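Q: Top to bottom, those sequences are chains F and C. If you're matching positions, the first sequence starts at 1 in the numbering used here and goes up one per residue. If you're matching positions, the second sequence starts at 1 in the numbering used here and goes up one per residue.
Check before you lean on any hint, since a few could be wrong.
Said to hold, decoys possible - Once the Cα atoms are required to be at most 16 Å apart in a straight line, the calculated EDC-like pairs of lysine to aspartate or glutamate come out as: (1) C:LYS44 / F:GLU3; (2) F:LYS54 / C:GLU103; (3) F:LYS68 / F:GLU15; (4) F:LYS55 / F:GLU67; (5) C:LYS44 / F:GLU5.
The set of hints was computed from the structure by calculation and includes no laboratory data. This one's a predicted model, so the numbers in the text were calculated from it and none came from an experiment.
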Amino acid sequence: KNEVEQSPQNLTAQEGEFITINCSYSVGISALHWLQQHPGGGIVSLFMLSSGKKKHGRLIATINIQEKHSSLHITASHPRDSAVYICAVRNGNQFYFGTGTSLTVIP
Amino acid sequence: EAGVAQSPRYKIIEKRQSVAFWCNPISGHATLYWYQQILGQGPKLLIQFQNNGVVDDSQLPKDRFSAERLKGVDSTLKIQPAKLEDSAVYLCASSLRGAAYNEQFFGPGTRLTVL
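Chain F on its own, in the form it takes in the complex (with noise of 0.2 Å):
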């Protein structure tokens, strides 16, 4: 069993959809990243939190530390937020990382 799991494992949407991606850990954190990879391997990070819930444009990140549980929602969903979202997360100097939601945005 992974220590981090990520559901879906991908998803097709239609553009301007609300989009929820959810991830479950199993470890104690010190931190939790979500990390978005485009074709090609680039991987930009998103959001690192520790505690309650992050907002950056139509993105909104959220962790619940008892339920070992967060969430990354999408807004008002656009072809270009195509991707796959990674959740991972760091005990100390170990990561363990998620195998990632494919999302597609169909226009």
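With chain F held as given, fit chain C onto it using these hints.
A: What follows is chain C alone, placed relative to chain F:
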């Protein structure tokens, strides 16, 4: 601000050959990470440097992989000899410091294909 630079972007080699990847982190970032990402999987941390010292290399296959960051700035990752299962994207990332709350910035990656 320039991002994390990596080269080459793509490399194709035959098994048992050697290969080296280069990474130049963001200026001033003390911590540098090398990750291996096999197709369909999340990245796996291979090694973490703090300046020119190794913080964590517990998942680095030391019989064939080596990495150095001699002057505490740029870094090289070497595979010698390569195996088919080494085909992956090798990502370099850097952060200001290694503390848990420091954001990591990723390079574009080097896609290695071992034939």
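Q: Hints first: check each against the structure and report whether it holds.
A: Here is how each hint holds up against the structure:
no.: 1; hint: C:LYS44 / F:GLU3; in the structure: holds, 13 Å
no.: 2; hint: F:LYS54 / C:GLU103; in the structure: holds, 14 Å
no.: 3; hint: F:LYS68 / F:GLU15; in the structure: violated, 30 Å
no.: 4; hint: F:LYS55 / F:GLU67; in the structure: violated, 21 Å
no.: 5; hint: C:LYS44 / F:GLU5; in the structure: holds, 15 Å
Comparing the model with each numbered hint stated earlier shows that hints 3 and 4 do not hold.
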